[in-house]
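Student: Sequence:
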Amino acid sequence: MKTFFITIFFILFLQSSFASNWPAEIKLGLIPIEGGSNEKERFTPLAEYLEKKLKIKVKLFSASDYAGIITALEHDHIDLAYLGAKTYIEAYTKTGAQIVVRELNEKGFSGYKGVIITGKNSGIKSMAEIKGKTFAFIDPNSTSGYLIQAAYFKTHTPPIDPGNYFKELKFAGSHVAAILSAKNNLVDLAATNEIDIERMVEAGQIAKDDVKILWTSELVPQGVIVARKGLPADLVKAIQKALLAVPLKIKAKLQDGGFTLGKDTDYDYVRYLMKIKDQLSK
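Numbers in the numbering used here are just positions in the sequence shown, counted from 1, shifted up by 732.
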């Protein structure tokens, strides 16, 4: 019996020692997919879940653009970040942020496809009719709202220079804004992804036939949750364990299929896309 209590005490001591290295609070940064307030609403249940699992405070942080999240990671203003594929690569390069988990979409797949869309009343029927139209990207640091489509334009035969090819280029700032801009004919064309369109249909923000997909990319890996460099390794492991076990009700709030393990090389295809864009822009 004495040995039993000594063993229990030793285990509790070790747990206490590990947790003593943890900060009293961590911050999770969010890229602006829907806009700051909506993203915080989506991720609040996850933050509350992590608080219960980790026994520390979890706060949400949003920036006005993708670059703001990278900067926050670089200066340790946030501890975790939810990033798209391209933003992850830039964050990894600049800050050494490490993947904690990869996101799964609602159907359980760890990838998505970028698209180019138009409003149903735009009169545009195919990609052969897009020259001279107005076009909205999302953000220069967006994977599915910029990189994928920009790489497509650069590898097109002949190559397309968006600045000269289109009548006007805009950056919508979020996927919701881009999709609504196409729906409401504020722009002729917009870059986004199929998942965000489906989310808006399910949320009743648009009807299924409000926008038409003109072009679809190859499968691109989903986003990630990363940890900043220097966050205690045992805390990162605890966060990973909690995220891999996220319950269904939290997945429903996140509008995804939860998370799976991931590694840096999973994003080599996106690096390839970035390399193409950089090479052909010179």
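If you're looking for bench data, these hints aren't it; they were derived computationally from the structure.
Just so you know, even glycine gets a beta-carbon here, dropped at the ideal spot from N, CA and C.
Careful, some of the hints might be misleading.
Simulated crosslink set (SDA-like; lysine to any residue; CA at most 25 Å straight-line) [unchecked claim]: (1) 791 x 972; (2) 857 x 941; (3) 839 x 791.
Quick list of the computed label-pair ranges, beta carbon to beta carbon [to be verified]: (4) 806 x 855: 43 to 51 Å; (5) 770 x 945: 22 to 30 Å; (6) 891 x 981: 43 to 51 Å; (7) 948 x 901: 31 to 39 Å; (8) 860 x 776: 40 to 48 Å; (9) 757 x 961: 35 to 43 Å; (10) 855 x 940: 42 to 50 Å; (11) 895 x 839: 14 to 22 Å.
Student: Work down the list of hints and note, for each, if the structure agrees.
Tutor: Hint check:
With a C-alpha separation of about 17 Å, the suggested pair residue 791 and residue 972 falls inside the 25 Å cut-off, and the hint holds. As the CA atoms of residue 857 and residue 941 are separated by approximately 14 Å, the hinted pair is consistent with the 25 Å bound. Taking the CA atoms of residue 839 and residue 791, the gap is near 28 Å; set against the 25 Å cutoff, the hint is violated. Judged by the Cβ atoms, the range 43 to 51 Å given for residue 806 and residue 855 holds: they are separated by roughly 45 Å.
Checking the proposed 22 to 30 Å range against residue 770 and residue 945 shows it holds: the Cβ atoms sit about 23 Å from each other. Distance hint check: the CB atoms of residue 891 and residue 981 are about 47 Å apart, consistent with the given range 43 to 51 Å. Distance hint check for residue 948 and residue 901: the Cβ-Cβ separation is about 21 Å, which falls outside the suggested range of 31 to 39 Å. Our hint of 40 to 48 Å for residue 860 and residue 776 holds, since their Cβ atoms are close to 45 Å apart.
Residue 757 and residue 961 have their C-beta atoms about 18 Å apart, which leaves the hinted 35 to 43 Å range violated. Remark: the range hint 42 to 50 Å for residue 855 to residue 940 is contradicted by a beta-carbon distance near 19 Å. The hint said 14 to 22 Å for the Cβ distance between residue 895 and residue 839, and at roughly 36 Å that hint is violated.
The earlier numbered hints that this structure contradicts are 3, 7, 9, 10, 11.
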